[in-house]
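A.B. asks: The residues making up each chain are set out below.
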Amino acid sequence: MTANAGYHAYATGDVLTAAQVQYNLQNQTVMYFASSAARTTALSGVLVEGMVSYIPANGLEYYNGSAWVVVAADQTPLTTKGDLFTYSTTDARLAIGTNGQTLVANSGATTGNAWQDPVQQNPVLNSAFQVWQRGTSISVAASSTGYTADRWYTATNANQACTISRQATGDTTNLPNIQYCMRFQRNSGQTGTGQLTIAQSFESVNAIPFAGKTVILSFYARAGANYSPTSSALLPIIYTGTGTDQNALSGYTGNVTNYTSVTLTTTWQRFTYSITVPITATEIAPAFGMNPTGTAGTNDYYEVTGVQLEVGSVATPFHTFSATIQGELSAAQRYYMRLSSAGASANYGLGYAYSTTSVANQLRNPVTMRITPTTLDYSNIELTIVGVSNYAITGLAIDAGTSGPDYVTLLATGASGLTANRPYSLKNTAATGFIGLSAEL
Amino acid sequence: MENTRELFIEMPNGERQTHIIIDHGNEQFTSMPKATYDEQQAHLTESVTKAK
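Chains as they are written, first to last, in the working numbering: chain Y, 395 to 835; chain B, 1291 to 1342.
So that you can see chain Y by itself, here it is in the shape it has in the complex (with noise of 0.2 Å):
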């Protein structure tokens, strides 16, 4: 049989053609039949390539040549209210995602394209490593413990002196124009080759609503030219607990150490790290670990930057908790705060003598803090009478029975020369001084 004629053109005046009727236009139709097997009868022996019919129980078909072939169904691999249609290496389904979910890129989906809750708030603070209240460069000694940038505590081992420091990212390229990050450095010539962690543990109440949930962990991070663990490695860590506002490195009940190991360079590089927090978490904190080897060299540190942890299996542009250095400075000041000044004659507020060696003074939080804050330092700290007479101290301490969580009273000590019921102030002595109050976990 001929094949179909395709499009013709016609003129005025023409004069149809048997041929032109059948293989310009009747082949070319939507053909209309009961059921296959009328239209098996109707077409016997005129089938041609290229014709189209439709079938009440079919749909609209094609011939292809050798074969009645269905038109709609099979151009869909849709079959549930809300599925997308996407592809991969053929056509496919994206099943719909659950309420609230926003579909976003992802490079290892099958499809390209994967379902992730909304974009929530990063809950670790200090996350771009702005916050510095206990100075920007803190020394930590072997085997001991310490809290360095605000939030983040660390513990180290036998001969492994370390040094925490604020440094400049330095880098607009590979980074999204953070300042700053956290350099932890092994100093130069320690030995020690335990592990070096440095935690942030979350309170309680903002580490549940990860319980049961996959959860991405996603940072920037970058070696000295002397990093000495092998391959680089540098291990994302995030513990989970079952307990209430430990902290990690002090030991979580029920303790879960999910970790992975990246390789760094000395080119800031993003890396994620995903898990699926127990049901029963009740306790939460990323970390990270350092195991050197060696002796360390003069450069064996890495830097971090951009600690993001969110719900979800895909990493999101990082953003701070807060969005700006205040927001960032007063979550942080909810676990420490550091009061201090320029100034030599620094004055912390007034306070009365109840002994003649003895005063308290009570200063008012300029933020709530996490409980009553027990533990306090200080440095270069002074009683005054302001324009009269300064009365060095021996002891500076808290007075947990008359203090809270937005106000604290300091008891001076060891002083000589004072007159009881005698109004008096803390200052500082030297323009070093301050007094730092911790309600850590």
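Just so you know, nobody snuck in bad clues.
In the SDA-like style, the derived pairs of lysine to any residue whose C-alpha atoms are separated by at most 20 Å in a straight line are: (1) B:K1324 to Y:E834; (2) Y:K607 to Y:T654; (3) B:K1324 to Y:T539; (4) B:K1324 to B:R1295; (5) B:K1324 to Y:G540; (6) Y:K607 to Y:G637; (7) B:K1324 to Y:T807; (8) B:K1324 to Y:G798; (9) B:K1324 to Y:S538; (10) Y:K607 to Y:P512; (11) Y:K607 to Y:T651; (12) B:K1324 to Y:T788; (13) B:K1324 to Y:G795; (14) B:K1324 to Y:S797; (15) B:K1324 to B:F1298; (16) Y:K475 to Y:Q510; (17) B:K1324 to Y:G808.
To be clear, the hints were calculated from the coordinates, so they are not data collected in a lab.
Based on these hints, arrange chain B on the given structure of chain Y.
C.D. replies: Just chain B, lined up with the frame of chain Y:
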């Protein structure tokens, strides 16, 4: 070099508190109730490698 000493504070109501003063050797000090200090010391030995 860190040194610690006990600080006994007698309150106006006669109550006596015991604090620990840690001298960090750089004109910086940390003070805390003795009970808090003792608890921290107990945890110190636990603050070691966990992920390895």
